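The whole structure should be built from the sequences, with the hints applied where relevant.
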Amino acid sequence: MMRPRHKARTNCYSWTELRSNHCCGDPCPPASMYTNACIRSVCALACVVGVNLALSSQQIVTSSQTTGSQPSYAADGNDQTLFHSAYPGDVGSGSANDFTPFVGLQLAQLSTINKIVILNRPGFENRLQNAEVRIGTDAIINNSSVGCNALVWKQTATQGSVIEINLNPPVTGLWVSLQNFNPATTYMGSKGYPFVLNIFEIQVLGVPADASTLYC
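Here the sequence shown stands for residues 1 to 216, numbered as in the UniProt record's numbering.
Incorrect hints may appear among the rest.
[Stated by the list, open to error] Simulated restraints, written as ranges between beta carbons of each label pair: (1) Q109 with G189: 41 to 49 angstroms; (2) A108 with I141: 14 to 22 angstroms; (3) V162 with G89: 27 to 35 angstroms; (4) N168 with S93: 32 to 40 angstroms.
Read the hints as simulated data drawn from the structure, not as lab findings. Being a predicted model, the structure only gives us computed values, none of them experimental. From the three backbone atoms N, C-alpha and C, an ideal C-beta is built for every residue, glycine too.
Laid out in structure tokens, this is it:
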């Protein structure tokens with residue numbers, strides 16, 4: 001993995017604005033192997049482009065379906081491969097009644113994270129309800145261990161197929177989780193089972209913790 005680098009040509013900062021370290025949209029020029037996510041530097045010197053740390057992660061899930069879904073699809077960098085948790089009638093692993101399914105990512109190393117992006121399944125966005133994203137250093141083994149890490153985002157309303165979560169200030173951790181808490185647990189005809197977790201991708205943008213000084 002290449003280390004993040006500064007970008008000289010950027011409008012991610014100005015000398016007159018308040019000192020900040022939050023994600024500021026996408027004004028940085030594209031860079032090979034880097035996402036186009038910018039972070040304002042607290043010393044107003046440059047923008048750091050964060051890598052997608054999820055690509056080198058190990059995935060753990062509570063359940064998965066058998067028909068063309070596997071845990072790695074949640075963070076393989078391919079927005080055409082769908083991760084889908086199990087439900088009655090299609091159980092590849094875990095329980096058919098996995099009412100609070102999660103995807104856990106063990107990053108390659110302790111990292112400073114500034115943004116999470118969830119690529120939700122178009123047409124089924126309403127399945128993701130009351131979802132939580134947590135980051136920390138406690139290992140994710142099962143449902144009970146997910147809650148040991150710090151809550152950094154709680155979904156309050158149904159959102160679109162692309163959910164961007166900016167972390168200001170950035171959060172340091174080794175484990176990242178996305179867990180669904182849809183209260184509906186019964187079959188709903190054409191809408192299927194609403195409690196499932198089905199996403200195309202979860203992206204974790206940031207830098208290894210030992211490189212976080214690049215934020216200034």
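Exercise for the section: Mind listing which of the numbered hints don't hold for this structure, in increasing order? Expected result: none
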